[in-house]
Every structure is written in C-alpha cells, then in structure tokens.
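A.B. asks: One letter stands for each residue in the lines below.
Number of protein chains: 2
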Amino acid sequence: MPLERVCYDCGSRTTTPVARCDCGEPLWLATDPSALSTFDWDAVTDAPGMWRYAPLLPVDGVPADDAGLLHAAGGTPLLRTPALDDFAGARVHVKVEGEHPTGSFKDRGSALGVAAVAAGHAGDVSAVGTVSHGNMAMSTAAFAAAADLPCLVLVPADVPEARLEVVAQFDPTVRRVAGDYGRLYERTLDVGPDHGVAFLNSDVPLRTAGQKTTTLEICEAFATGADTASSATASTPASAPDAIVFPVSSGGHASAAWKALRELRESGVLDAADVPSLYLVQAAACAPIAEAFEADAEDVTPVEEDETIAYSIANPDPPSGKRALAAARDTGGAVLAVDDDAIRTAQRELATEAGLSVEAASAVALAGLQELTTRGTVDASDDVAVVATGTGLKEATGATVEAPTVDLADVDDELAAFGDAK
Amino acid sequence: MPLERVCYDCGSRTTTPVARCDCGEPLWLATDPSALSTFDWDAVTDAPGMWRYAPLLPVDGVPADDAGLLHAAGGTPLLRTPALDDFAGARVHVKVEGEHPTGSFKDRGSALGVAAVAAGHAGDVSAVGTVSHGNMAMSTAAFAAAADLPCLVLVPADVPEARLEVVAQFDPTVRRVAGDYGRLYERTLDVGPDHGVAFLNSDVPLRTAGQKTTTLEICEAFATGADTASSATASTPASAPDAIVFPVSSGGHASAAWKALRELRESGVLDAADVPSLYLVQAAACAPIAEAFEADAEDVTPVEEDETIAYSIANPDPPSGKRALAAARDTGGAVLAVDDDAIRTAQRELATEAGLSVEAASAVALAGLQELTTRGTVDASDDVAVVATGTGLKEATGATVEAPTVDLADVDDELAAFGDAK
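So the sequences go chain by chain: W and F.
Heads up: the first sequence begins at 1 in UniProt numbering, then just goes up one per residue.
Heads up: the second sequence begins at 1 in UniProt numbering, then just goes up one per residue.
If we strip away everything but chain W, and leave its shape as in the complex, we get:
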C-alpha cells in the first residue's frame, strides 16, 4: 500500500515516498480519513504502548505479538508533579519520555519507521539509516537490530568516540562524514531510496507519524481521567491540558504534536477551544526558530551555533523550522529560548523535587514554562504537560559529590547526626 503524503503548507499530496514537497517543505503522512471520522478515545485499542493508536498510524494494525522491541515504544507515564508547580508557576504534568528502551522519545518514530519499512510501506527499501549523533542514532540502530534490518548511521566527523559507543553496541554501519551537516541530512533523504535505504531522519514523514503518539497519550490521559489530577474535577476531567511544552530542535516532534492535535480536532475528539497551545523551547545559544518567532518572520534563518549544555537540540538550520513556527502560531502558542543557567536550574529542580533525571536538552521545557509564567503567557491555574524528551542516565550529571569518608565504627554517630539534622 503506498502511503499518501501531504504538505502542511501548500496542501499538495503525493504517494511517492519522499520526505519533501515540491514546494520544499517537509511532508506529513496522511491519515486514513475513515479512521479519523470514527476515532474517539473509546475506539482506542488495548494494544501495548503507542500501538493503541494504530487506526491513526500508517501501519496495518498492531505489530505481531512476537514483534519484540516494537511493543516497547510509547506508553510512557504522565506524572502530575505538584512539587514543580511553584518553580514553574503552573500546574505541571511531566511526560517521562526517558522511559523508553533507548531512553528517549525517538523510539516512537524509530518503531513506526522500522515497522513501515519491514511491512513494505516505505517504497522499495530494505534498510534504514539516519543522520544523527545522539538519541536518534541509538534509537534507529536498536530498532533496526530488533527487526533485522541493515542500518547506516552517518555522524559528524568530530563526534566524540564515547558517544558512538552507545550506538555501536547495536552493530549498525557507522560513518563519520566531513562536511555540512544540514546538506548531509537533506542529501540522504534525496538519494537514500535510490540505494534501498529509508533515512529515518528527524522530521521525515515516517518518524513524525510515530511521534504523534506522545501528544495522543497526553490528551487521552486528560480526556479519560487517567490523569485525574488535572484541575478539572474528577467527574468532568479536562479533555486536554491547557498547554504542552516541547524542546525543539529540527521541529519534527513539534510538527508531530501539531499533526496529532489537528487530527483530534478533525475527528471531533477535541473542540477548537480545547486544543492545547504548543510552546516550543530552544537553548539560547542556538535558537533560530525562537528568533524567527520573535521577529514575526514566516520562515527560519539559519544561525551560527554556540556551545550549550543542551547540545542535542542545537540545530542551527532546522529542517522543520517553518513548520514548527506554524505549529506554535496555529495553536496560540509560542517559541522561546532559555539560557544554559536556566536549563541547569530546571534540570536540578526536576531531579531534586520530582526525582526525575533528564538530559539538559529536556530540561529546557521546564525552563521555558517558567519563563512563560513569568511573562504571564501561561496562568498559574493552567494544566501544562511538560515533555521530558530524554533520560539523564546517558550523560554525566555534573552533580557535585560531597561524600566524606567515615569509619564503620563511627556509623552509629553518623546516623544519629543525620537523624538529628533531618
């Protein structure tokens, strides 16, 4: 079955398995209109993880029971965490995307992409690839290994070897590429299929189709009262959060969120008034989408990248930048930037108050929410889902270790001192 692709911008459609519209903008996979017209939360299946939304995904139902890793994508917790409310200035619900096999939301898109390739839905391809040096590389390699598909990972020439070790464990083919990263990213989309390789880059139709499910899960939790801790009363749970805050890099995840919300609106599951605002947050050191938003620009101008602790979202020339701008504007949201000090503070707050270890690139979402409430853009009574895109387990925490040595003979005294001080 050839999957139809649609352009959010000019409305063109095609069944050719390309990532870009003739107008130059990134494509989405179209969703089956009959599935959309009959969709509501009661129609959701009890399949594992993200596959409960199979009717809205470009796959032939749920992967087989013995599909292994595919069943581990999605189904992450949404945690109501009042301990963060004061810091954030709103009612915080954290979506813990780190609880994935490779520790990030990337597993949703990798699962969808690999399942589609294996089922022959992605054109004449029999292998996958990706241009990435972080979470996406690891995720793509893992899901390819589980599906027994060859996998090619292309990384920038200067990536530290330690960051490649986590990718190499799944045994993909890895190449460092010397040259412009953005051009490499687009080139692989152009020529990959000629060589039988579906490149599951950050904002391609297959990946964003899988990443819709982050937002579907958040909205379902509110709508069905699985998250009954929302400010609405339990008997009439809110049908959606007031806002969802994402870190933004390529714009792929943000555009997937927008697509999900459009589908929920189109199916009648969400009224127009209930559609959550999408807020997208960048690191100030590399914030081309935020700068375009502030400047009321229609498109994003590439920037020079500075160093940031949120390196995994530092994309100076985001391929779905214009689409991310449209997502924020269409939903009444915004794109903003936060500096490394704010990111570090939010990361620490997540760990010490909510017990959540997230990577710096994920902490930008909470830092962004704080900025939004400070500005008065988001209210204290708003229920806000903060998407913690990736675990902090993969990187050094930078936490200061204060651990003086005591003798076993003195441990009773130490316990007494701790007991008195607590």
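It should be emphasised that the hints constitute simulated quantities derived from the structure, not laboratory data.
Predicted, not measured: the structure shown is a model, and the values here were computed from it.
Incorrect hints may have been included.
[Unchecked claim] Derived list of chain F stretches under chain W, where covered just means 3 residues or more per stretch with a C-beta under 8 Å from a C-beta of chain W:
no.	segment
1	69-79
2	351-363
3	409-418
[To be verified] Computed footprint of chain W on chain F; a stretch qualifies when at least three of its residues, placed anywhere within it, have a C-beta under 8 Å from a C-beta of chain W:
no.	segment
4	101-111
5	148-159
6	189-203
7	299-306
8	383-397
The beta carbon of each residue, even a glycine, is placed where N, CA and C say it ideally should be.
Here the structure of chain W is known, so what remains is to put chain F in place on it, guided by the hints.
C.D. replies: Only chain F this time, still in chain W's reference frame:
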C-alpha cells in the same frame, strides 16, 4: 497500621518493624489474607504501573493522583523476542526492567518503601536510607526526593566518584564508609530506626514487597493473554511461563518473586503444577549462592570476591542467600553461575538481535538460560521470562566503534556501497 512481618523459614510473625527474624533470617511483609482469598486477575485495578496490584501490597490503596514519581514504578514491557530463541535454546520473553525512571527494577521497591514511610506504615521513621553504590542508591535517592523525604546513602569507601554523580543529582546525604560492607548493611537495619531512618536495603521487607510486582506482571501477561505470543494457543493462553530467570545478588528480588508465586498459588490463581520454576544466575567470579546450591548446602558460605563485569550483582555474602536457595528449590528451579565471557556474549546478543541495551549484571540471566538449555534442564518448547533488571544506558558499552570518515562529496558512493552490501 502496623504491618505484620513473617519469616519464610521458621514461620514466626511480628508487628515490630524489623528486617530480620529472631532466628536470623530476613522477613517478608505479610499480605492481607482477605485480599489474597479474593484475588484474581479480574480483580486487578487499572491503576498505573505496579499499583494495579495494590490489594497485595502493604499500602492503603493506590497513591494519590498527584503522587508524581510513585506512579512511574512498574508496568514495564514483557517482550516476546524470537530472535533470541536460537541463542537461548528456549522461547524467550524479556522483561525490560530498564524502562523505569532510574533505569532498574529497584524503582519498584523504592516506590513501595517510600510510600510506606510517607504513610506512616514503617514505624516511627521520617527518612530513608540505603547501603548501596549503584542502582539502588540512585533509585532510593530519586524516590526520596520526589516524596520530600531526607535520604542517607552509605557507600563503600572506594567507590569511583563518577558512580556517585548519578546519585548526587537527587541531593541525598552521601557518606563513604570504611569497613566491611556486609556488617554495615546489617548495622544500618539494626540502628536506623532508632534514629528515625528506614533503611531500604536490598532484601528488607518493604523493598521485597514492591519487587513482588515484577513477577505478578509477568504472570498476569501470560494469564490474560497480554502476552499472547506464548506457546499456548491464543484462546487458551498459558497461565504462567514455564520458568523465570533472574540475576541474583543479595537474593532480595529472587525472594520477592518466590513470595509473589506463593501468593498466586495461595489465592488459587495458579495451580501448583503451573508455578514457574525460578532460576537464579550469578557471575562466576562471585557465586556463593550457586556454590551452595551445587553443594546441596542448606545455607550460603561467604566467598572471596573476584572482579567481574557484572559488578552490581557481585555480593560475596548475600543477606538473603539462604532464602534464595529456598526459592529455587521450592519451585523446582536452580541457582547457577556463568563466566564473564558468557555474560559479554549474552549482552551483545540482546543488543544486536533484540535491540535491548542492558547492563552486564542483567545479561547474566540470558547467559544462564543458555546454560540451562545446554544442560537440558530447560526445554526448547518452554516459555521462559528473562528478567533484564537494568538498562545498559548508565555504563560504557565497551562496544568497538568502527567509524571511518568520508567526505560529504563522497556520501553517494558510500550509500551505494552500503546498498549493495546489505
């Protein structure tokens, strides 16, 4: 409500919040007999994660909707992974415990322990502590932070600072202790409560009560057909796997599995004939329980510890060693040891065939299963749940990185070469 504790060995009961029986053996928390008599899979709630089994847990129902991190414990995937069957010699189902907030099964016991302390069920204590330098330290610190309980982490004097950083991010009090680790472990259980600190060490009643849920989830998946990939037909799903394989260190998790199976048998949910055999696997470099099992000994003799890549299960003097022996014997299982080469091979197999990154200490379970099928102890037609206790994301993978550099101008040739070779 004082929680009753019961000794598996001599049968004594007590409501004093102690970890050890007067006979010296570790205690379990008793489960409410009326809950047991009415329990079956239909009675399970739809609460998040491990709390669906609240009737069998020593808590007053499910934690409040705004309890944050507590809701993220449990509910991990059980993946039917045929790609591992040839290697293992049986039908493999992997329980992916790495999909927890801090990346290991320890979060189940930490969640239960912290919830019980916060609810006043653990005696006159208002803080938690633990003796650990790895997964358990991180897990306890995270759940304590989320519950706003003071936390004291005691580690051996020679632990590398890098391993403490992941603990320090949650801001517990950390002390290195010079002296015998086993004595420190027991001493904290003895005197912790005197100073208002509940030590959630590896095999204490509160922690093992939470860890029962690993086994409950595995059995429920088989019984209800949530894992319909078992060898029984879909219309009559197997009521339990034939065997469950755990890594074993202190013996706490193993004893929790045994307790869960005893409860399922007592409640009539499992017939005696359907109780899975518990196989417990150690690293050969430090295998006191396996040695005792081989020697038909009733109790475990401490050993000298050698180096092993599975360092996080290298316990030369396991406090629940005798209880683990009883668990294996009572269920018709066994305790065995595998060497580092076998562990490394199993770890690589999990990554390259199933896409699962696990720590070396978790890979021992798959290595052990291979040994059991080689011996003929487990059959090729057996459905076996292999418990992958912790993620591999926290440690260096040791994978060899082969990533030659190519020029962007040559990337088309590289794609062609990859396409031809695949």
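A.B. asks: Tell me, which hint numbers fail for this structure?
C.D. replies: Of the numbered hints, just 7 does not hold.
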